[in-house]
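A.B. asks: Following the hints, complete the assembly by docking chain B onto the known chain A.
2 protein chains.
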Amino acid sequence: MDLYTYWRSTAAYRVRIAFNLKNLPYQSSPLHLVRDGGQQLGEAYQQINPQKLVPALRVEKGEILTQSLAIIEYLEEQYPDPALLPATTIERAHVRALAQNIACDIHPLNNLRVLKYLTGPCGLSKEQQTQWYRHWIDEGFVALEATLSQNSSAGDFCHGDNPGLADCCLVPQIYNARRFSIPLENYPTLCRIEKNCLALTAFDKARPEKQPDAETAS
Amino acid sequence: MDLYTYWRSTAAYRVRIAFNLKNLPYQSSPLHLVRDGGQQLGEAYQQINPQKLVPALRVEKGEILTQSLAIIEYLEEQYPDPALLPATTIERAHVRALAQNIACDIHPLNNLRVLKYLTGPCGLSKEQQTQWYRHWIDEGFVALEATLSQNSSAGDFCHGDNPGLADCCLVPQIYNARRFSIPLENYPTLCRIEKNCLALTAFDKARPEKQPDAETAS
Numbered sequence: 001m002d003l004y005t006y007w008r009s010t011a012a013y014r015v016r017i018a019f020n021l022k023n024l025p026y027q028s029s030p031l032h033l034v035r036d037g038g039q040q041l042g043e044a045y046q047q048i049n050p051q052k053l054v055p056a057l058r059v060e061k062g063e064i065l066t067q068s069l070a071i072i073e074y075l076e077e078q079y080p081d082p083a084l085l086p087a088t089t090i091e092r093a094h095v096r097a098l099a100q101n102i103a104c105d106i107h108p109l110n111n112l113r114v115l116k117y118l119t120g121p122c123g124l125s126k127e128q129q130t131q132w133y134r135h136w137i138d139e140g141f142v143a144l145e146a147t148l149s150q151n152s153s154a155g156d157f158c159h160g161d162n163p164g165l166a167d168c169c170l171v172p173q174i175y176n177a178r179r180f181s182i183p184l185e186n187y188p189t190l191c192r193i194e195k196n197c198l199a200l201t202a203f204d205k206a207r208p209e210k211q212p213d214a215e216t217a218s
Numbered sequence: 001m002d003l004y005t006y007w008r009s010t011a012a013y014r015v016r017i018a019f020n021l022k023n024l025p026y027q028s029s030p031l032h033l034v035r036d037g038g039q040q041l042g043e044a045y046q047q048i049n050p051q052k053l054v055p056a057l058r059v060e061k062g063e064i065l066t067q068s069l070a071i072i073e074y075l076e077e078q079y080p081d082p083a084l085l086p087a088t089t090i091e092r093a094h095v096r097a098l099a100q101n102i103a104c105d106i107h108p109l110n111n112l113r114v115l116k117y118l119t120g121p122c123g124l125s126k127e128q129q130t131q132w133y134r135h136w137i138d139e140g141f142v143a144l145e146a147t148l149s150q151n152s153s154a155g156d157f158c159h160g161d162n163p164g165l166a167d168c169c170l171v172p173q174i175y176n177a178r179r180f181s182i183p184l185e186n187y188p189t190l191c192r193i194e195k196n197c198l199a200l201t202a203f204d205k206a207r208p209e210k211q212p213d214a215e216t217a218s
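Line order of the protein sequences matches chains A and B.
Residues in the first sequence are numbered consecutively from 1, following the UniProt record's numbering.
Residues in the second sequence are numbered consecutively from 1, following the UniProt record's numbering.
Among the hints, erroneous ones may be present.
As the list claims (entries may be wrong) - Residues from chain B shown here face chain A by an in silico Cβ test under 8 Å; the list is partial:
hint	residue
1	P50
2	Q51
3	E63
4	Y74
5	N101
6	C104
7	C122
8	R134
9	F180
Treat the hints as calculated values from the structure; they're not laboratory data.
For every residue, glycine included, the Cβ atom is placed at its ideal position computed from N, Cα and C.
The shape of chain A in the complex, shown without the other chains (with noise of 0.2 Å):
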């Protein structure tokens, strides 16, 4: 399988995670989402994701898969084994609220295009960027942090002591935030689940710099 893909996505960072958990190999086809004016808005990359994101996955049969959830959750399907999901439908249903929370209602406010959106039409400072940035992840967290300090299904992960869909997209959310420098004082279950995560091979063979178009500059 093919996985357009560019370091720093967050996106694309959960379903390298979702892959190495899986120990399913793929290949990397890196898109640069600065260089060229962004190569993930030119031509060729619309006709294989016309929203102009990644990632996307191209599967065996040459078919193209978009949005990382959909992507992990076909990985589930396909290869079951080990399983990022629960065995209930209402953990699964908990563990889903959790990824979303990430999914849906941090990161695309966040995201590089937004970002751009805001200092450029929206006519903000880069302060007021930053405010912007800080503001949706702390909404997010506090949620988060809230949810699982005191549910009693979180252990070393978000869901029991194994890793799972919700861990791959709470690491690479972690990451941005860290990039942005928010203070992350205020988390310290996610925190700990990081910590946990960055332990296991899968997780640290998906880190940014640790893929082949990675770069040095910050």
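C.D. replies: Using the frame of chain A, we list chain B on its own:
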């Protein structure tokens, strides 16, 4: 089951459609998102959903589920007939991606809390807020229109000739676009599917203006 909802919330609207498509009964527990400074922001509701967003669902065992797509996937697993997702893993991935285009990449940018933040802390004018709204609708709808008009698996509905998960997301998003007077003539496929959906009782009963908490003022 008890659905925390607001008549105009498009995320709650998705879940109402899913309940109706599955012929499942539910109780409405309306919250007013504007009155009292926003009832979803109060202490009582934060105990139910720390994210302070609707919808949330209290299921029969008393557990609370959040996030509209996680709730719909729960209903799909618990009450599989009629199905809202297709039979094959590839088709399921496509339908989930359509739903996530809306639920991750359009709606979260345009919901109430974000629109308020733009004219509040960001200091944008009402006109800039409207441009923002329209920009993200167009970004998402252009991609959806391209995908659905070129995709041979779209039929009367987003996938084939039976309504499903993607339709549960599309119809509320178009409702919201109309509310903000967004021109829709460039999206004939989306409008055709919307019309087919709204001809069904399941969608019609879920319309905002048919909810117990609907108001006549615009």
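A.B. asks: Double-check C122 of chain B for me: the hint is only fine if its C-beta lies closer than 8 Å to a C-beta in chain A.
C.D. replies: 6 Å, holds
A.B. asks: Is the shortest C-beta separation between E63 of chain B and chain A less than 8 Å?
C.D. replies: Since chain A brings a Cβ to about 6 Å from E63 of chain B, closer than 8 Å, the hint holds.
A.B. asks: Return the status of the interface hint for P50 of chain B: holds when the least beta-carbon distance to chain A is below 8 Å, violated otherwise.
C.D. replies: 4 Å, holds
A.B. asks: Could you check if R134 of chain B really has its C-beta closer than 8 Å to a C-beta on chain A?
C.D. replies: 11 Å, violated
A.B. asks: Was the hint right that Y74 of chain B lines chain A, CB cutoff 8 Å?
C.D. replies: Nearest chain A Cβ about 4 Å off; hint holds.
A.B. asks: Do the numbers back the hint for F180 of chain B, that is, is its least Cβ distance to chain A under 8 Å?
C.D. replies: 17 Å, violated
A.B. asks: Against chain A, run the beta carbon of N101 of chain B and see if the smallest gap drops under 8 Å.
C.D. replies: 6 Å, holds
A.B. asks: With chain A as the partner, please determine if Q51 of chain B meets the hint condition of a C-beta pair closer than 8 Å.
C.D. replies: Nearest chain A Cβ about 4 Å off; hint holds.
A.B. asks: For the hint on C104 of chain B, just tell me whether its beta-carbon gets within less than 8 Å of chain A.
C.D. replies: Because about 5 Å separates C104 of chain B from the closest Cβ in chain A, which is inside the 8 Å limit, the hint holds.
In the structure shown, a violation is registered for the earlier hints numbered 8 and 9, in ascending order.
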